[in-house]
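Participant: Could you build all of it, start to finish, from the sequences and the hints given here?
So you can see what is in the structure, the chains are spelled out below.
Number of protein chains: 2
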Amino acid sequence: MDKNLLLNRDEAFEESMGKIYQWFEEKMYFKIKDEFLKYNEADIAEMFEEFLSYDDLLTRAIVVYRLLPKSVMVDVFAYLPSDDQLKIVERITDAELNYIIGEMDFDDKIDILEELPATLVNRILENTPKTERKLINTFLNYPDDCAGSIMTPDFISLQKEWTVKEAMAHIKEVGMDTETIYTCYVKDGAYKLVGIVSLRTLVIAPDEERVMNLMHTDFVCVQVNDDQEEVSEAFKKYGFIAMPVVDKEGRLVGIITVDDILEVIEEENTEDIERMAGIIDMEQSDEDYLDKSVWKHARNRLPWLLFMMFSAMVTGAVLNAFEEQLSTVIVLVSYIPLLMGTGGNTGAQASTLMIRGLSLGEIEPCLEDAGKVLWKELRISLCVGAVLSTVNFLKILIIDQQTPLVALTVCLSLILVIMFAKMLGGMVPLAAEKLGLDPALMANPIIASLVDLASMLVYLCIAMVILGI
Amino acid sequence: MDKNLLLNRDEAFEESMGKIYQWFEEKMYFKIKDEFLKYNEADIAEMFEEFLSYDDLLTRAIVVYRLLPKSVMVDVFAYLPSDDQLKIVERITDAELNYIIGEMDFDDKIDILEELPATLVNRILENTPKTERKLINTFLNYPDDCAGSIMTPDFISLQKEWTVKEAMAHIKEVGMDTETIYTCYVKDGAYKLVGIVSLRTLVIAPDEERVMNLMHTDFVCVQVNDDQEEVSEAFKKYGFIAMPVVDKEGRLVGIITVDDILEVIEEENTEDIERMAGIIDMEQSDEDYLDKSVWKHARNRLPWLLFMMFSAMVTGAVLNAFEEQLSTVIVLVSYIPLLMGTGGNTGAQASTLMIRGLSLGEIEPCLEDAGKVLWKELRISLCVGAVLSTVNFLKILIIDQQTPLVALTVCLSLILVIMFAKMLGGMVPLAAEKLGLDPALMANPIIASLVDLASMLVYLCIAMVILGI
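Quick mapping for you: the protein sequence lines, in order, are chains A and B.
Going from the first sequence to my numbering is simple: count from 1 and add 41.
Going from the second sequence to my numbering is simple: count from 1 and add 41.
The set of hints was computed from the structure by calculation and includes no laboratory data.
Every clue listed holds true.
A few chain A residues that don't get close to chain B, going by computed Cβ distances all over 10 angstroms: (1) T160; (2) P194; (3) M460; (4) L476; (5) C502; (6) L508.
Mimicking DSBU-like on lysine-lysine, the simulated pairs with C-alpha atoms at most 30 angstroms apart in a straight line are: (7) A:K228 / B:K213; (8) A:K475 / B:K337; (9) B:K201 / B:K289; (10) A:K128 / B:K277; (11) A:K233 / A:K201; (12) A:K79 / B:K228; (13) A:K111 / A:K175; (14) B:K213 / B:K175; (15) B:K72 / A:K278; (16) A:K68 / A:K79; (17) B:K233 / A:K79; (18) B:K44 / A:K228; (19) A:K79 / A:K128; (20) B:K278 / B:K413; (21) A:K413 / B:K68; (22) A:K228 / A:K171; (23) B:K79 / A:K228; (24) B:K278 / A:K277; (25) A:K289 / B:K79; (26) B:K201 / A:K74; (27) A:K277 / B:K79; (28) A:K277 / B:K337; (29) B:K333 / A:K277; (30) B:K60 / A:K475; (31) B:K72 / B:K60.
Glycine is no exception: its CB is placed at the ideal position from the N, C-alpha and C atoms.
Facilitator: As structure tokens, then:
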């Protein structure tokens with residue numbers, strides 16, 4: 042079995058985990074260490090995550106962690122989620138901690154320092170050279186979700202007058218410590234970013250060529266305060282593996298690499314999905330489902346539930362107002378779930394497609410696109426409505442044995458509700474985006490409430506006209 | 042204004058678009074071309090997308106396209122969505138088409154050949170050298186969604202006996218045409234992949250060192266038939282910028298680069314989101330919302346709507362069975378929207394978090410995690426239920442002026458419905474995953490239907506007991 046193959050790794054992984062559990066029992070720490078070292082650091086971190094989650098294995102796992110080669114210790118630490126990092130930090134010596142923090146990539150270092158308690162951060166900073174301490178403090182002050190918070194200051198910068206040979210010699214000298222050497226950034230004397238050049242271009246260029254003749258000047262760069270979502274859009278659009286970050290004066294202060302963007306995309310998608318389901322994360326935390334406390338979960342879910350409850354009360358009041366009419370043809374009550382359910386579902390389908398289309402840039406919140414969406418949803422709702430109401434009409438006549446007038450009332454309402462739901466589902470996200478609000482946050486709960494209310498109003502009015510109640 | 046800055050580009054873009062529209066009127070094609078060339082190819086493609094969407098500008102846009110330098114023509118073509126590529130293909134000469142296809146990156150070439158009509162593909166293949174034609178045919182046969190369909194055969198491979206100097210000379214020679222030179226793949230004589238080495242390592246290593254002493258042998262590789270979703274998980278976990286792909290015999294056949302993975306992640310997320318909203322894309326097409334036909338939209342939305350309609354019919358039948366009891370205390374009808382709405386919303390919140398947790402690997406579909414989820418959702422539903430039912434109890438007593446018994450009936454039902462919805466929402470996705478079904482596809486519609494049905498049953502039974510109807 043080829044252990045390098047992705048599809049075999051799970052199996053090999055399980056097998057190793059079994060062995061390691063056994064060895065933990067027998068306290069054979071060196072065997073565990075050797076088994077660990079057969080794997081990539083990301084895999085080792087995954088294994089540690091499991092061991093660190095059991096209270097009775099925690100101290101033993103730390104013993105093994107401290108047996109690992111120092112470079113592996115650093116990388117494994119960087120891959121661990123922050124709560125596991127804290128567990129380790131509390132159980133190793135100051136010297137080990139300083140070593141690990143010192144050797145981490147700068148952006149990982151900032152991430153962990155943001156999570157650690159202030160006293161510990163101060164102790165670490167005391168052991169950091171003064172210039173780096175200043176840099177760390179600057180980075181710690183960038184707000185979450187902005188370009189500054191995901192960039193790293195470890196990049197290769199070249200002077201535009203240099204030759205390829207000088208540039209390559211510089212890269213060989215400083216390259217070891219930078220996150221990526223594949224894109225190099227060209228500055229003029231004043232620290233202003235004037236161009237970019239890929240290592241690829243340098244490698245295949247003649248030695249005597251000057252950097253300024255090889256560099257691209259039509260690069261794209263971001264400012265430290267740009268939103269990380271916009272940065273990730275740019276990565277997707279242009280297919281970059283790194284992007285330079287400049288301050289307000291145009292001076293190069295860092296770069297963002299594509300591996301951090303993968304995380305941003307995942308985060309933003311999770312946010313969108315949760316918001317569409319009516320969950321508002323009050324603290325923008327990225328805690329796992331199981332790690333988040335019951336009360337935090339409840340608090341994140343309550344706001345829209347309360348809003349939707351109030352609107353359900355209004356819908357209830359409408360039903361209440363028609364109490365007398367309903368009690369004369371009580372069978373109408375049994376079609377309420379059908380109308381409210383179908384309205385809610387069709388509205389959610391339309392708004393979900395719209396929210397996704399907006400976030401992927403397929404649809405713009407302009408009048409022209411709004412017209413196209415309305416026209417499209419109108420025709421879709423007629424197709425969908427025709428199918429659903431035909432099925433219903435027959436069912437009400439044949440199975441429920443109701444009069445054609447009752448069937449007509451229900452099916453006419455159904456078509457109108459579907460049309461209303463689909464067009465509202467199409468428009469609310471566009472309006473939210475136009476007003477600068479987050480469509481994922483606003484759309485679904487508002488649509489669901491409005492559709493419920495409208496469906497009952499339409500239903501009862503049509504019933505009054507057709508059935509004369 | 043610094044045009045390199047991401048945040049200024051939209052504005053500059055709009056300004057240029059205004060000028061270009063004017064010049065199109067005046068048929069000043071060379072001015073348009075010069076304006077285009079101020080931008081990155083991805084930007085030019087975005088502009089073309091807009092022009093190609095207007096029938097009256099189409100031919101003029103093609104004129105400008107043909108004025109672009111050939112290398113720009115190729116890159117812009119590669120960035121365009123496939124329907125716009127087709128518009129261009131139909132309007133340029135065979136020679137131009139062959140040039141463009143010939144110069145494209147191999148994976149982009151395969152993507153466009155998959156979309157073109159068969160006659161055109163044959164005409165292009167006739168002008169392709171025989172060895173490449175064979176390779177293209179192999180690639181065209183990989184099923185969608187597998188690693189083979191997103192890989193490229195353009196990569197650097199080194200022999201393990203080579204020195205760094207030999208390796209660098211080889212890279213300089215062939216590097217120009219490969220998609221990435223930043224990771225090089227080391228083969229033994231038999232074409233078997235034995236290790237990987239980064240360009241970074243080679244650049245900073247002494248010239249006389251041998252590749253085999255620098256290469257990593259604990260790399261991770263995928264097989265051509267591996268699912269693209271698993272590949273993208275591996276990219277996220279390990280932070281790679283490229284991964285090697287091998288065939289069943291372990292021979293290196295291609296690599297997958299991170300820019301293609303960004304697209305896969307976007308695609309998979311869109312699929313998840315649409316499925317959660319009850320949309321089944323029958324053809325797995327990645328057409329934009331506005332490009333997809335009305336009938337296709339309707340067909341994608343109908344299956345679950347029909348399913349949910351049938352289940353609403355069952356819920357309706359329950360109400361129907363209790364017709365007599367309902368008509369004696371008709372006010373109970375006005376609380377139906379509240380119960381059904383809250384049940385549906387709380388269920389959707391729980392199942393959405395669960396589906397997301399499963400797809401991010403935060404939750405495993407095992408008994409242990411199922412227990413944790415149940416316990417958590419139970420407590421959350423008690424918190425949420427307590428808040429919602431307190432508000433409701435007061436509202437029913439004070440505003441609706443109903444008896445305490447009615448208020449008790451509604452609030453007790455509400456708490457039970459929330460508990461049922463949250464626990465079902467937690468369990469159904471786990472069960473679906475365990476059974477090898479897609480939780481995003483199965484969960485929400487099934488939960489919504491079951492919760493609606495259960496909420497009416499619970500409500501009416503409690504009403505019978507408490508109110509004695």
